[in-house]
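Be aware that the first sequence starts at 1, since it is given in the numbering used here, and climbs by one per residue.
One thing to keep in mind: the hints can contain errors.
[What the hints assert, rightly or not] Below, computed lysine-lysine pairings styled on DSS-like, alpha-carbon distance capped at 25 Å:
1. 761 / 837
2. 704 / 4
3. 704 / 601
4. 170 / 511
5. 41 / 704
6. 26 / 39
7. 103 / 203
[To be verified] Label pairs and their computed distance ranges (CB to CB):
8. 546 / 631: 29 to 39 Å
9. 739 / 659: 21 to 31 Å
10. 607 / 897: 12 to 22 Å
11. 631 / 439: 40 to 50 Å
Rather than coming from a laboratory, the hints here were simulated on the basis of the structure. The beta carbon of each residue, even a glycine, is placed where N, CA and C say it ideally should be.
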Amino acid sequence: MLPKRYDFKSVESRLYDFWEKQGYFKPTNDPNLPGHDPKKKPFVISIPPPNVTGVLHLGHVLFVSLEDLMTRHQRMKGVPTLWVPGTDHAGIATQLQVEMKLKAEGTSRDELGRNRFLEEVWEWKEEHGNRIVEQIRRLGASCDWDRERFTLDEGLSRAVREAFVHLYEKGLIYRGPRLINWSPALQTAVSDLEVEHVEEQGKLYYFKYRLAENPDVFIPVATTRPETILADTAVAVHPEDERYQDYIGKTVLVPILDREIPVIADEYVSQEFGTGALKITPGHDPNDYEIGQRHDLELLSMLDKKAMVTEIGGPYHGQDRFEARKNLWRDMKDAGLVIKEEDYVHQVPRAQRGGEIIEPMISTQWFVDIAPLAEKALRVVRDGEIEIIPERFRKVYYNWLENIHDWCISRQLWWGHRIPVWYCDDCLELTVAREDPSACQHCGSKNIHQDPDVLDTWFSSGLWPFSTLGWPDHTPDYEYFFPTTVMETGYDILFFWVARMIMFSLEMTGKIPFETVYLHGLVMDEHGQKMSKSKHNVIDPLDVMDDMGTDAVRFTMLVGSTPGVNTNLSLQKVEANRNFANKVWNAGRFVIGNLENIPEKIGAGPDWTLADSWIWAKMQGLIRNVDRLFNNHQYGEAGRYIYDFFWGEYADWYLEIAKNQIAEGGSRAYYTVETLIKVLDLSLRLLHPFTPFVTEELWQHLRKAVLNSPLMDIAADWPDALMIASWPEPRKRETWEETKVSEFELIQDIIRTIRNLRSEKNIKPGKLIPAKLVGGDYTAVLEDQVGSLSSLAFLDPEKVTVIQSLDQIPAGDIALVAGPVEIYLPLSGLVDITEEKQRLSSELLELEGEINRLQELLSSPFAEKAPQPVVDKEREKLAGYQETASTLQDQLATLEDVE
RNA sequence: GGGCGCGUAGCUCAGCUGGUUAGAGCGCACGGUUCACAUCCGUGAGGUCGAUGGUUCGAGUCCAUUCGCGCCCACCA
1 MLPKRYDFKS
11 VESRLYDFWE
21 KQGYFKPTND
31 PNLPGHDPKK
41 KPFVISIPPP
51 NVTGVLHLGH
61 VLFVSLEDLM
71 TRHQRMKGVP
81 TLWVPGTDHA
91 GIATQLQVEM
101 KLKAEGTSRD
111 ELGRNRFLEE
121 VWEWKEEHGN
131 RIVEQIRRLG
141 ASCDWDRERF
151 TLDEGLSRAV
161 REAFVHLYEK
171 GLIYRGPRLI
181 NWSPALQTAV
191 SDLEVEHVEE
201 QGKLYYFKYR
211 LAENPDVFIP
221 VATTRPETIL
231 ADTAVAVHPE
241 DERYQDYIGK
251 TVLVPILDRE
261 IPVIADEYVS
271 QEFGTGALKI
281 TPGHDPNDYE
291 IGQRHDLELL
301 SMLDKKAMVT
311 EIGGPYHGQD
321 RFEARKNLWR
331 DMKDAGLVIK
341 EEDYVHQVPR
351 AQRGGEIIEP
361 MISTQWFVDI
371 APLAEKALRV
381 VRDGEIEIIP
391 ERFRKVYYNW
401 LENIHDWCIS
411 RQLWWGHRIP
421 VWYCDDCLEL
431 TVAREDPSAC
441 QHCGSKNIHQ
451 DPDVLDTWFS
461 SGLWPFSTLG
471 WPDHTPDYEY
481 FFPTTVMETG
491 YDILFFWVAR
501 MIMFSLEMTG
511 KIPFETVYLH
521 GLVMDEHGQK
531 MSKSKHNVID
541 PLDVMDDMGT
551 DAVRFTMLVG
561 STPGVNTNLS
571 LQKVEANRNF
581 ANKVWNAGRF
591 VIGNLENIPE
601 KIGAGPDWTL
611 ADSWIWAKMQ
621 GLIRNVDRLF
631 NNHQYGEAGR
641 YIYDFFWGEY
651 ADWYLEIAKN
661 QIAEGGSRAY
671 YTVETLIKVL
681 DLSLRLLHPF
691 TPFVTEELWQ
701 HLRKAVLNSP
711 LMDIAADWPD
721 ALMIASWPEP
731 RKRETWEETK
741 VSEFELIQDI
751 IRTIRNLRSE
761 KNIKPGKLIP
771 AKLVGGDYTA
781 VLEDQVGSLS
791 SLAFLDPEKV
801 TVIQSLDQIP
811 AGDIALVAGP
821 VEIYLPLSGL
831 VDITEEKQRL
841 SSELLELEGE
851 INRLQELLSS
861 PFAEKAPQPV
871 VDKEREKLAG
881 YQETASTLQD
891 QLATLEDVE
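The task is simple: from the sequences and hints, build the whole structure.
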């Protein structure tokens, strides 16, 4: 017998190994194998590669769960399915980790030198690189691990070179001095996307720009970064600003340095803001840079790569940027050049990694001229070639691509793809090559050296969907599996990654990289707060999996997530879903237990009870709903439907009735067991993409048990594993379904009504009571269901009578109504006339309220304007209520007579 | 400055193309050791869907305005 509790610990790793060993993770119709049919359309996902040295967090859990769900679903549908796994070298993040380790060891990357340092990083990668992969496997990810890739693999590195050279040759990559975002701590340039603008409390400093010709006269200027005064090369005012007309064209003195700079007029300056006069620092501010270009201003750099003041800063040379700010302002104060400072909230640029303040600086870097690529990427989404889910992100995507700036791709790091450019020390020309050159392409000199920089990590990520399949070679994998089908990832990397993949793919392969972009939300804590160590609200998925099982965690993530919306996770939810897994397990145990001695089938045709028909109809309805929801990518909703069906209908009702039907024996019992099996089988199939472990384990037990029973035919075509079993296909609704469902719902109603009363009257749960049911049109149905009714409502089956109609209402009984059925419980000891009258009249009152409402509704324009079926439905409802009400009135009248 | 999301029971959230007494989990109250399950079973209390106005026979579900929370993009010192 199966253990009472589902022991996920022993099941999870065993099943994962089993699946993998059986080769179920590998795509059917493999293009590298004989018999491949190129016309069968595959389903392909490339994994968003996690950082190779990262540790599993809930974000990973969410995307792995979703992608595994999609993958398993398609696989079960019989589609050749491939999920390509892999990891990302994550330039900055990984380099930082290793640098931190070196620091702890009392050394540094500079001390080691480039080659030794890279050896260290590779070592680190080997040491930690498998951790994240192991963790993803623990989640049940059905990836084809033989196709695992790493962005610094030889193949992918070739792809990066090909892409770089291709773009260079097309003139879309260039090198030059530009104003870029410099991270002094990381000692590298970063792209615009890697800068976060954080609103912070700062100060606005007002000071004097004295006129060179007359130092008593000044222009007041405001700034948030006074230290940049040292690199000012102009003061700008609006051309129409009356206050400053006289100054335009004159020169003013840079405070302390007393350098003479011009006063210029530019439309950019806002007259309303600050003093209406703007200091211009083309070397350290993007706006000023542009103004500087327009006016041909000198470009000064007052900060070096460590953000220390350069010789431009005169007396402040060698000081840290913030130090210099303080000192300069103090000196200006002493010199009487300060007007005032006020509190000011503004956006401060900070590094996405590390959070330090970014300095805009002039630096020579490599850039991608991205606008031509963006244009194509916009088109494919506009045309619907690529679908984005949820749709609203299309707008976000358009907006970004329409206003895109050139992409700074060089990083002054060591860990990454080295830029494939060599400089000649003799002729000074560059050589850009796919293969490492041994000599200058231009003069043949051997005196060449490679560009020391590496590429932005996202450059290689942008090639991911095709580089992982073999591109630039046209391998069988690339030919068959590309373009991929779904790109499932977080909306937070729509620009970083998704947009760039689309641009690169269109440029490199001429094809879209994927057909559908499914964007999930971020995982927050149970109150919608970002998880962070400082808030102590971080949930470690590994702990939770240890505690409650992988299925519970997966199901929670899947059911709690809607596309594009953040998910709030709480342990309580996981617990609830652990209970669900346990429920599934136990329901399965019950079914399997019943296979041990199956009653004989008598007669030819099937002998289904109302409950059998009902659960079957419900099952079919569920399949239809799940199918519909999966087609709309509403996986969470689908999961909830399955949950509700399995627990609320199959386990709570059908299993309970089945017990009774089996106990009665005979042919009916036989068909009950058959139904139990079939519905369980279908449920497990639907549930498998959500909770693969418990369903697989249970299903295999079920299969074995069925095959060893007289009902073995049912499982005749079941494969060896649920994972590769066929997905339930929706069928057309059959005409009998509706009738059976509503009849059964009447039975449920009766049972609930009686349970209700029992609870109200404090009748001991186990105590069997007699009952008289007046069935009217449903008499036959009720007669048939006495067994079920009795067992679920704890009636004494010997003392249940069903009659069609009643001459006189039994005065001493408790009277109940369930739709068209009257129920009388002869419980003389418990009847209190006053109490009963109270109960009946309050019920009647409530009902009359409904009747009034419906009567009004039906006499309103509703009756004419609403569609006929809707109106009919309300009419029927009204008729039902009226019938019930009249019964209640009769019952009430009887009680009056008693008095 | 532009754009987006959210605001539904005490808490956390569902609610597809508008259809007419609004759902779940947790929590709460009451009652339960029948051999699938106390990680359970039964019963119950509790929201009129942030506010206002509109479209409609009919709105949580569409439109407008508004309040509150959050996010993204953007070169106002």
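With respect to the beta-carbon atoms only, verify the hint that residue 607 and residue 897 lie 12 to 22 Å apart.
-> Roughly 45 Å apart at Cβ, these two residues miss the hinted range, so it is violated.
Is the hinted pair residue 704 and residue 4 satisfied, with a Cα-Cα distance of at most 25 Å?
-> The given pair, whose Cα atoms are some 18 Å apart, holds under the 25 Å limit.
Do residue 631 and residue 439 keep their Cβ atoms within the hinted range of 40 to 50 Å?
-> violated (59 Å)
Has the given pair, residue 41 with residue 704, been kept, meaning a C-alpha gap of at most 25 Å?
-> Roughly 34 Å between the alpha carbons, so the hint for residue 41 and residue 704 is violated.
Pair hint outcome, residue 704 versus residue 601 [Cα-Cα no greater than 25 Å] | Holds, because 21 Å separates the two Cα atoms, which is no more than 25 Å.
Residue 170 and residue 511: Cα distance at most 25 Å?
-> With a Cα-Cα distance of about 18 Å, the restraint between residue 170 and residue 511 holds, given a limit of 25 Å.
Does residue 837 lie within 25 Å of residue 761 when you go C-alpha to C-alpha?
-> It holds: about 14 Å lies between the C-alpha atoms, which stays within 25 Å.
Straight-line Cα separation of residue 26 and residue 39 no greater than 25 Å?
-> Given that 25 Å is the threshold and the Cα spacing comes to 18 Å, the pair holds.
Could you check the hint for me, namely that residue 546 and residue 631 are 29 to 39 Å apart, CB to CB?
-> holds (36 Å)
Residue 103 paired with residue 203 [C-alpha distance capped at 25 Å] = violated (35 Å)
Given the range 21 to 31 Å, decide if the beta-carbon distance of residue 739 to residue 659 lies inside it.
-> At 25 Å between Cβs, range holds.
When the structure is compared with the earlier hints, violations turn up for hints 5, 7, 10 and 11 and for no others.
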